[in-house]
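Asker: Protein chains in written order, with the working numbering: chain A, 1 to 215; chain B, 1 to 483.
If you're looking for bench data, these hints aren't it; they were derived computationally from the structure.
Hints are not guaranteed to be accurate.
Covered stretches of chain B, as calculated for chain A (at least 3 residues, CB under 8 Å) [stated by the list, open to error]:
(1) 119-128
(2) 209-222
(3) 287-295
All residues carry an ideal CB built from backbone N, CA and C; glycine is no exception.
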Amino acid sequence: MANLLFYLMATLATVCAIGVVVARSPVVSVVSLLGSFASLAIIYLLAGYQFLAAVQILVYGGAVMVLFLFTIMLLNLGDPAVIHGESEPLFHHSRRTLLGLGVAAAVGAAGLIAILRVAWSAMPQPAELPEGGLDPLDQLAASMFTHYSLAFEAASVLLLATAVGVLVLAKRNRRPTAEVFPRESQQPATPSSPPTSTPSAGAQGQEVAEEGVLS
Amino acid sequence: MTTQEIAGLIDQTYSPQTWAGLAPLLTLAGGILLLLFVELFERLHPLRAPLFLASLIGTFLAHKYAGAVGPILGGSYIVDGATVAWGQLFLASTMLAWFFARQYYRTSLAFLGEHDILLLTAPLGMTVMAGAGDLVTFFVGLELLSIPLYCLAAFRRRRNDSVEAGLKYFILGAFGVALLLYGAALTYVGTGHLDLAGIAAGLEGPGRPLAFAGLALIAGSLFFKLSIFPFHLWVPDVYQGSPTPITVLMATGTKAAALAFLMRFAAVLPGSSANLIALLAVLTMAAGNLGALVQKDLKRMLAYSGIAHAGTVLLAVAGTVAAPALAGDAIQAVLFYMAAYIFTAGGAFGILAWLEADGDLFTRIDSLRGLARRRPWLAATLSLFLLSLGGIPATGGFLGKWLVFSVSTRADLITMTILGVLLSVVALGYYLRVIVAMYMEPEPAELAPPMTERAWATFGTSLCAWMVLILGVLPGWFLGRVF
Numbered sequence: 001m002a003n004l005l006f007y008l009m010a011t012l013a014t015v016c017a018i019g020v021v022v023a024r025s026p027v028v029s030v031v032s033l034l035g036s037f038a039s040l041a042i043i044y045l046l047a048g049y050q051f052l053a054a055v056q057i058l059v060y061g062g063a064v065m066v067l068f069l070f071t072i073m074l075l076n077l078g079d080p081a082v083i084h085g086e087s088e089p090l091f092h093h094s095r096r097t098l099l100g101l102g103v104a105a106a107v108g109a110a111g112l113i114a115i116l117r118v119a120w121s122a123m124p125q126p127a128e129l130p131e132g133g134l135d136p137l138d139q140l141a142a143s144m145f146t147h148y149s150l151a152f153e154a155a156s157v158l159l160l161a162t163a164v165g166v167l168v169l170a171k172r173n174r175r176p177t178a179e180v181f182p183r184e185s186q187q188p189a190t191p192s193s194p195p196t197s198t199p200s201a202g203a204q205g206q207e208v209a210e211e212g213v214l215s
Numbered sequence: 001m002t003t004q005e006i007a008g009l010i011d012q013t014y015s016p017q018t019w020a021g022l023a024p025l026l027t028l029a030g031g032i033l034l035l036l037f038v039e040l041f042e043r044l045h046p047l048r049a050p051l052f053l054a055s056l057i058g059t060f061l062a063h064k065y066a067g068a069v070g071p072i073l074g075g076s077y078i079v080d081g082a083t084v085a086w087g088q089l090f091l092a093s094t095m096l097a098w099f100f101a102r103q104y105y106r107t108s109l110a111f112l113g114e115h116d117i118l119l120l121t122a123p124l125g126m127t128v129m130a131g132a133g134d135l136v137t138f139f140v141g142l143e144l145l146s147i148p149l150y151c152l153a154a155f156r157r158r159r160n161d162s163v164e165a166g167l168k169y170f171i172l173g174a175f176g177v178a179l180l181l182y183g184a185a186l187t188y189v190g191t192g193h194l195d196l197a198g199i200a201a202g203l204e205g206p207g208r209p210l211a212f213a214g215l216a217l218i219a220g221s222l223f224f225k226l227s228i229f230p231f232h233l234w235v236p237d238v239y240q241g242s243p244t245p246i247t248v249l250m251a252t253g254t255k256a257a258a259l260a261f262l263m264r265f266a267a268v269l270p271g272s273s274a275n276l277i278a279l280l281a282v283l284t285m286a287a288g289n290l291g292a293l294v295q296k297d298l299k300r301m302l303a304y305s306g307i308a309h310a311g312t313v314l315l316a317v318a319g320t321v322a323a324p325a326l327a328g329d330a331i332q333a334v335l336f337y338m339a340a341y342i343f344t345a346g347g348a349f350g351i352l353a354w355l356e357a358d359g360d361l362f363t364r365i366d367s368l369r370g371l372a373r374r375r376p377w378l379a380a381t382l383s384l385f386l387l388s389l390g391g392i393p394a395t396g397g398f399l400g401k402w403l404v405f406s407v408s409t410r411a412d413l414i415t416m417t418i419l420g421v422l423l424s425v426v427a428l429g430y431y432l433r434v435i436v437a438m439y440m441e442p443e444p445a446e447l448a449p450p451m452t453e454r455a456w457a458t459f460g461t462s463l464c465a466w467m468v469l470i471l472g473v474l475p476g477w478f479l480g481r482v483f
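Please work from the sequences and hints to get the whole structure.
Answerer: As structure tokens, this is what we get:
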């Protein structure tokens with residue numbers, strides 16, 4: 001029963017993951033991602049990791065997904081084929097696609113051979129699942145704050161750096177070049193060009209062109 | 001687990017020794033936080049530069065005085081002599097990148113504070129990578145290094161080439177990290193361990209084939225960061241599109257960090273993989289050197305030359321895999337090679353950054369023609385760096401190559417070593433072409449606008465030049481300091 005459920009969930013997770021990549025509409029992508037997260041949570045539960053399963057649902061299924069959906073809804077993205085009035089196939093039947101598929105198949109085959117050659121009977125088998133699951137909170141906390149504390153703390157610096165990086169890439173210029181779009185500047189870059197208070201459609205268009213690809 | 005047990009565990013983990021080992025990382029993290037705080041108030045902005053330099057110097061001193069304290073945090077972070085030496089090299093690489101970034105940017109001025117913060121995060125990740133004793137710590141260190149670099153590569157976000165470089169680096173980097181994680185998962189299934197010592201012991205068990213598949217994938221992700229054939233194709237585009245000061249960091253620091261962990265990781269790899277690694281090394285040298293021969297753009301040529309150098313130093317890794325008894329010599333050779341490479345390539349890319357100023361002028365070899373008549377000192381320094389890259393005696397580059405080839409020869413990789421030496425001679429062809437252009441060819445008809453004098457860049461370039469000479473003439477000074 002548990003095995004059957006595992007295979008079901010593993011298939012579902014894979015199908016959903018493929019769906020994230022091939023879906024044309026971002027909303028479909030996000031919902032596929034949600035399906036993938038949920039099936040992963042059930043796999044964690046089957047493996048005895050109750051806390052991890054709960055966190056997976058709460059953090060990824062809940063918070064992250066809502067953020068994704070909100071962003072997509074606010075950006076008002078639709079089907080790109082509809083927006084651009086054209087529909088291109090996602091994968092062209094070219095030599096590169098064949099090459100990519102060939103490499104993927106070779107890597108997959110190598111992995112399969114490695115797995116088949118493992119003597120499973122000699123591998124240590126997991127014992128019966130303990131009552132509180134495999135990850136009681138106190139042990140998780142103990143290893144996180146002793147053995148893995150460097151990775152844990154470094155991850156916090158990583159998140160900080162990511163936030164700074166996102167700001168650099170996505171924020172509008174704090175001190176814009178005065179000639180191009182003076183209306184945004186609280187303090188003009190040069191005293192000789194005071195900011196004009198009325199925003200105009202022309203300035204808006206110029207700004208988009210100036211800001212380029214990312215904003 | 002009772003409260004007393006937990007308290008005991010925490011006391012046992014956080015001994016003074018642990019704090020000493022973590023001191024350099026904590027100093028860097030403190031510097032990052034202070035820089036973030038300074039960004040809050042415009043009046044504090046003049047403090048940026050002193051704070052940045054103070055963090056680097058403080059971390060350097062922390063490395064020096066805390067010293068090698070051995071494995072800490074249950075073996076997940078290993079502070080040995082190599083970690084300390086690598087940590088100091090990463091700081092040197094970051095400092096060079098920062099010197100050359102002064103007065104480099106013309107259009108992205110608004111985010112210079114954030115630039116420095118991201119720049120200071122990179123050595124933190126590199127040091128974590130160099131000392132990582134298990135794959136989890138290594139993974140976090142790798143991300144901590146990569147994510148700031150993705151953003152910095154795309155830092156000149158109004159320029160298409162910069163955004164393209166950032167995006168390419170990000171997508172391929174994410175692919176490399178996926179390889180790493182898949183490999184770590186397979187290794188864990190095969191051996192039941194994530195720490196390197198446990199993996200080495202678990203390789204004897206029944207999960208051997210699966211663990212080998214995992215180790216191969218992890219090595220692949222390391223080769224990607226190190227730009228080893230066939231994972232080298234991203235390098236020219238990314239190096240060319242990134243702001244040149246960031247290219248300095250990518251070409252020197254990132255490579256050194258991947259190599260630092262690879263040297264630790266090599267102890268786990270089976271001896272039979274040595275020939276494959278040596279073959280990859282020679283193929284990388286061939287790809288880099290032959291690619292560089294046909295380049296017309298100096299920055300792109302230096303990128304290909306960086307690929308070739310990664311191949312050379314990989315020969316030492318193959319040597320230590322083939323003969324584990326040579327591990328001490330191999331780490332010394334690799335450290336020396338990378339120390340010389342950081343100052344040589346750092347100086348060469350730095351001069352390029354100085355000449356071009358925000359990517360507008362002067363990256364073609366043609367525009368360097370006759371530079372020796374206009375700027376004799378600059379041309380002489382650039383020639384010194386190019387000769388050191390080519391491995392001419394009396395420069396640091398020569399001695400690095402000598403140490404690496406001596407390790408691979410003693411490990412019985414004779415054929416590959418001979419091929420490597422021959423390919424190094426090919427490399428001289430394109431290095432000398434630039435020198436010929438600077439000294440013997442007439443100046444182009446329309447001269448580029450005169451470059452601005454930049455004090456920091458002058459200082460950085462002369463520092464690099466002195467270090468290349470010192471490493472070449474007095475290698476004992478460096479080697480005696482490290483071990």
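Asker: Against chain A, does the segment 209-222 of chain B show at least 3 residues with beta-carbon separation below 8 Å?
Answerer: holds (count 4)
Asker: Can you confirm whether chain A covers the segment 119-128 of chain B, using C-beta to C-beta distances below 8 Å and requiring at least three such residues?
Answerer: holds (count 4)
Asker: Per the coverage rule (Cβ-Cβ under 8 Å, at least three residues), is the segment 287-295 of chain B covered by chain A?
Answerer: violated (count 0)
In summary, the one numbered hint that this structure violates is 3.
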